[in-house]
Amino acid sequence: MKEKEMLSIFNDQYERIGKADREDVHSKGYWHETFHCWVAFHDQGRDIVYFQLRSMDKGDFPGLLDITAAGHLLDHEAVSDGIREVYEELGLTLAFEDLHPLGALKEELIDGPLIDREWANVFLLKQHVPFEAFQLQEEEVAGIFAAGLDDVEKLIEGEKDSIPVDGFRIRKGKKEFISSKVALNAFVPHEASYMVQVIDRIRDRLRG
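Quick note on UniProt numbering: the sequence shown kicks off at 1 and runs consecutively.
Note that these hints are calculated values from the structure, not bench results. It is possible that part of the hints are untrue.
To be verified - Pairs of lysine-lysine, BS3-like flavour, derived with a Cα cap of 27 Å: (1) K4 <-> K58; (2) K154 <-> K126; (3) K28 <-> K106; (4) K19 <-> K58; (5) K126 <-> K106.
Given these sequences and hints, build the entire structure.
Below, the structure is given as structure tokens:
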């Protein structure tokens, strides 16, 4: 029998109040810690951000575009331990010191029985990573796509109906490169307030 993942739980002031297993955390809506790593870079006057394409095997939001790499922090883990997610999901070997901290942000994402209340510890990898460098954990991640940061912001704010993305998806074990246009419903429905804060902080770091 698989051992349950235990997560620290918090109040809405980010004060630890105990621990619970992952299933209870998401069914009862406990605040918990996560690690979010966005990969982005500045090139020829444009800010570019990478999104992962969630595997169709995922229980939540399969086949949607999401944070470049993210995961839960277990009750015995420090925030710095979250760097493992970047290697596990994307195949990129990094040190925690390679990341730029963007702060701890609150986010609520409710979808049917899922009540996901996160204290997200958000970081930026300020680096142009060639698509060829990504080695994906296919059970979790089905592809990587890049989009203009300004385009993403305009999509979230309703100023655009769709935006261009470039990247690849894994088909039969190989990378299939794609250029396409996507609407807002192609993305995991993160709170707009979370996304706007993240975009502002990424932009500041890329141009700072």
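To see whether the hints hold, each was checked on the structure:
1. K4 <-> K58: holds (18 Å)
2. K154 <-> K126: holds (22 Å)
3. K28 <-> K106: Since the Cα atoms of K28 and K106 sit roughly 17 Å apart, the hinted pair holds (cutoff 27 Å).
4. K19 <-> K58: With Cα atoms ~24 Å apart, K19 and K58 stay inside 27 Å; holds.
5. K126 <-> K106: holds (23 Å)
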